[in-house]
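Colleague: Each chain is listed here by its residues.
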Amino acid sequence: CWISGQALLGSSRIIFSVLIKNLRERDLQTVRQMEDNVVLLDFWPSSFGMRVRIALAEKGIKYESHEENLLDKSPLLVEMNPVHKLIPVLIHNGKPICESLIILQYIDEVWHDKSPLLPSDPCKRSQARFWADYIDKKIYSIGKRVMMGKGEEQEVAKKELIECLKTLEGELGDKLYFGGETIGLVDVALVPFYTWFYSYETCGNFSIEAECPKLVAWAKRCMERETISKSLPDPHKIYSFVLQLKQKLGK
Amino acid sequence: MEEVKLHGFWPSPFSYRVIWALKLKGVKYDYIEEDFPNKSKLLLQYNPVHKKIPVLVHRGKPVAESLIILEYIEETWPENPLLPKDAYERAMARFWIKYGDEKGGPTFYSFFLSVGEEQEKAIKETMEVLKVLEEKGLGDKKFVGGDTIGLVDITFGWLPRWFECMEEVVGVKLLQPTTFPRLHAWMENFKEVPVIKENLPDHEKLLAHFKRIRESSVADTMK
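These protein sequence lines map, in sequence, to chains A and B. Its first residue numbered 1, the first sequence is counted upward by one per residue in the UniProt record's numbering. Its first residue numbered 1, the second sequence is counted upward by one per residue in the UniProt record's numbering.
If you are wondering where the hints come from, they were derived from the structure by calculation, not from laboratory data. None of these values were measured; they are calculated from a predicted model. Among the hints, erroneous ones may be present.
Cut-off 20 angstroms, straight-line C-alpha distance, at most; resulting in silico cross-link-like pairs (SDA-like, lysine to any residue) [as the list claims (entries may be wrong)]: (1) Lys-166(A) x Pro-119(A); (2) Lys-131(B) x Glu-171(A); (3) Lys-246(A) x Asn-205(A); (4) Lys-142(B) x Thr-107(B); (5) Lys-137(A) x Pro-160(B); (6) Lys-98(B) x Tyr-140(A); (7) Lys-23(B) x Glu-198(B); (8) Lys-85(A) x Lys-52(B); (9) Lys-85(A) x Val-129(B); (10) Lys-52(B) x Lys-114(A); (11) Lys-85(A) x Lys-98(B); (12) Lys-61(B) x Glu-74(B); (13) Lys-137(A) x Lys-197(B); (14) Lys-114(A) x Ser-46(A); (15) Lys-230(A) x Cys-164(A); (16) Lys-98(B) x Ala-128(A); (17) Lys-138(A) x Phe-143(B); (18) Lys-137(A) x Phe-180(B); (19) Lys-230(A) x Ala-57(A); (20) Lys-137(A) x Leu-67(B); (21) Lys-138(A) x Asp-101(B); (22) Lys-237(A) x Val-78(A); (23) Lys-95(A) x Lys-98(B); (24) Lys-95(A) x Lys-23(B); (25) Lys-137(A) x Cys-164(A); (26) Lys-211(B) x Thr-178(B); (27) Lys-138(A) x Pro-106(B); (28) Lys-248(A) x Lys-114(A); (29) Lys-52(B) x Val-78(A); (30) Lys-131(B) x Glu-75(B); (31) Lys-191(B) x Gly-146(B); (32) Lys-61(B) x Val-4(B); (33) Lys-124(A) x Glu-75(B); (34) Lys-191(B) x Ser-114(B); (35) Lys-124(B) x Thr-178(B); (36) Lys-137(A) x His-84(A); (37) Lys-136(B) x Val-78(A).
All chains should be built: construct the whole structure from the sequences, respecting the hints.
Modeller: Right under this line is the structure:
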């Protein structure tokens with residue numbers, strides 16, 4: 001009886017210590033989750049916002065999304081990005097990070113144990129940054145001129161857009177992704193503009209796929225990843241948005 | 001023959017950003033002066049996309065775009081760090097680097113190259129940029145990063161010699177010490193850093209170069 005009592009006590013101690021260990025781990029996890037409070041100030045058609053959505057999904061980071069009305073910016077946006085008052089803004093434990101490529105690098109550095117966006121070699125990193133910077137300098141502004149322009153102005157913009165996309169196609173080469181075997185910074189920087197291709201094509205009356213088949217094939221490959229397809233709105237929704245914008249601007 | 005080469009152009013502040021970073025890290029390099037507008041075949045080969053300087057060539061591999069070169073230098077030669085270790089502080093530094101670079105270029109060049117109404121507009125925009133730097137970008141330390149210079153200071157580094165020359169050529173002084181005390185103090189501290197002091201284009205030579213550019217730009221506007 002005494003022996004079985006000891007055995008009972010012993011096994012209770014074991015059960016108790018296992019319970020305590022689980023409780024501590026759960027507490028720690030809860031504390032970590034509480035520590036990792038992530039908010040994204042976003043605007044649904046923004047390619048720059050989409051970049052951050054993709055990165056957060058790739059890293060498996062839980063976050064709260066706040067949809068901004070850019071015609072009526074929230075006090076939170078103005079407080080978090082007083083210099084530019086633009087989205088996206090990532091707010092990590094109350095601290096704001098602005099500018100999409102800076103946010104991507106921040107996410108990559110803080111959540112470095114999963115799905116790296118940048119390689120470790122400085123030379124390859126500089127190449128990735130170069131092409132992400134190229135995309136930033138060209139696609140948005142040229143795309144805007146394609147959609148909003150008329151006549152000669154529009155033709156010039158169309159030509160420039162195709163030239164840029166062909167240059168990017170050249171950089172992609174025979175790789176699956178710009179990042180190599182897996183997606184990287186350049187893929188995340190560029191793929192959000194794929195959802196705008198339909199708008200560029202319809203406004204400009206041309207086919208991007210006809211001119212840049214390899215690039216469109218790359219984009220479709222990216223869209224097979226849920227992290228990307230769930231982060232990008234439907235191209236027809238984007239086009240409706242563009243039509244509304246053109247009406248407002250009288251174009 | 002060094003394994004690091006820099007293709008630059010003597011009046012370019014973008015060239016100097018790279019020179020300062022290399023010198024602060026104690027990296028030996030060969031400097032190749034590009035003879036604009038006659039760009040060398042090598043430059044066009046190293047930077048076929050933008051065809052611009054600066055281009056850093058390390059062990060035969062080119063890196064283009066000054067800010068990308070700065071990050072490459074920081075990662076390849078980590079001694080004497082020019083960026084903060086903390087990820088958030090680093091993101092803040094990158095924000096101001098981008099601001100200094102994007103706003104520094106077009107707005108200030110517009111002030112320098114334009115006349116009349118266009119210049120009035122450019123002056124207004126330049127004052128706004130200076131105000132943002134003064135009130136939000138600089139903070140209260142000696143340099144943007146703290147007590148020693150970093151990549152943000154290097155990116156703003158064209159204000160002391162280049163912008164001062166532009167103001168002299170245009171004949172309009174925008175960066176007054178009374179209006180921008182922090183910026184003025186920062187500029188004085190920046191110019192005193194030995195690597196910076198010893199690596200600036202000659203004031204008279206730069207002034208003459210800018211005068212030629214402005215005269216040509218104004219003449220074009222009058223046509």
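Colleague: Against each hint, give a clear statement of whether it holds in the structure.
Modeller: The hints, checked one at a time:
no. : hint                    : in the structure
1   : Lys-166(A) x Pro-119(A) : violated, 24 angstroms
2   : Lys-131(B) x Glu-171(A) : violated, 40 angstroms
3   : Lys-246(A) x Asn-205(A) : holds, 16 angstroms
4   : Lys-142(B) x Thr-107(B) : violated, 26 angstroms
5   : Lys-137(A) x Pro-160(B) : violated, 27 angstroms
6   : Lys-98(B) x Tyr-140(A)  : holds, 17 angstroms
7   : Lys-23(B) x Glu-198(B)  : holds, 10 angstroms
8   : Lys-85(A) x Lys-52(B)   : violated, 32 angstroms
9   : Lys-85(A) x Val-129(B)  : holds, 15 angstroms
10  : Lys-52(B) x Lys-114(A)  : violated, 36 angstroms
11  : Lys-85(A) x Lys-98(B)   : holds, 15 angstroms
12  : Lys-61(B) x Glu-74(B)   : holds, 16 angstroms
13  : Lys-137(A) x Lys-197(B) : violated, 33 angstroms
14  : Lys-114(A) x Ser-46(A)  : violated, 25 angstroms
15  : Lys-230(A) x Cys-164(A) : violated, 26 angstroms
16  : Lys-98(B) x Ala-128(A)  : holds, 17 angstroms
17  : Lys-138(A) x Phe-143(B) : violated, 33 angstroms
18  : Lys-137(A) x Phe-180(B) : violated, 31 angstroms
19  : Lys-230(A) x Ala-57(A)  : holds, 9 angstroms
20  : Lys-137(A) x Leu-67(B)  : holds, 14 angstroms
21  : Lys-138(A) x Asp-101(B) : holds, 16 angstroms
22  : Lys-237(A) x Val-78(A)  : violated, 27 angstroms
23  : Lys-95(A) x Lys-98(B)   : holds, 19 angstroms
24  : Lys-95(A) x Lys-23(B)   : violated, 34 angstroms
25  : Lys-137(A) x Cys-164(A) : holds, 10 angstroms
26  : Lys-211(B) x Thr-178(B) : violated, 27 angstroms
27  : Lys-138(A) x Pro-106(B) : holds, 16 angstroms
28  : Lys-248(A) x Lys-114(A) : violated, 43 angstroms
29  : Lys-52(B) x Val-78(A)   : violated, 36 angstroms
30  : Lys-131(B) x Glu-75(B)  : violated, 32 angstroms
31  : Lys-191(B) x Gly-146(B) : holds, 16 angstroms
32  : Lys-61(B) x Val-4(B)    : holds, 10 angstroms
33  : Lys-124(A) x Glu-75(B)  : holds, 11 angstroms
34  : Lys-191(B) x Ser-114(B) : violated, 28 angstroms
35  : Lys-124(B) x Thr-178(B) : holds, 18 angstroms
36  : Lys-137(A) x His-84(A)  : holds, 17 angstroms
37  : Lys-136(B) x Val-78(A)  : holds, 14 angstroms
In this structure, the hints that do not hold are numbers 1, 2, 4, 5, 8, 10, 13, 14, 15, 17, 18, 22, 24, 26, 28, 29, 30 and 34, in rising order.
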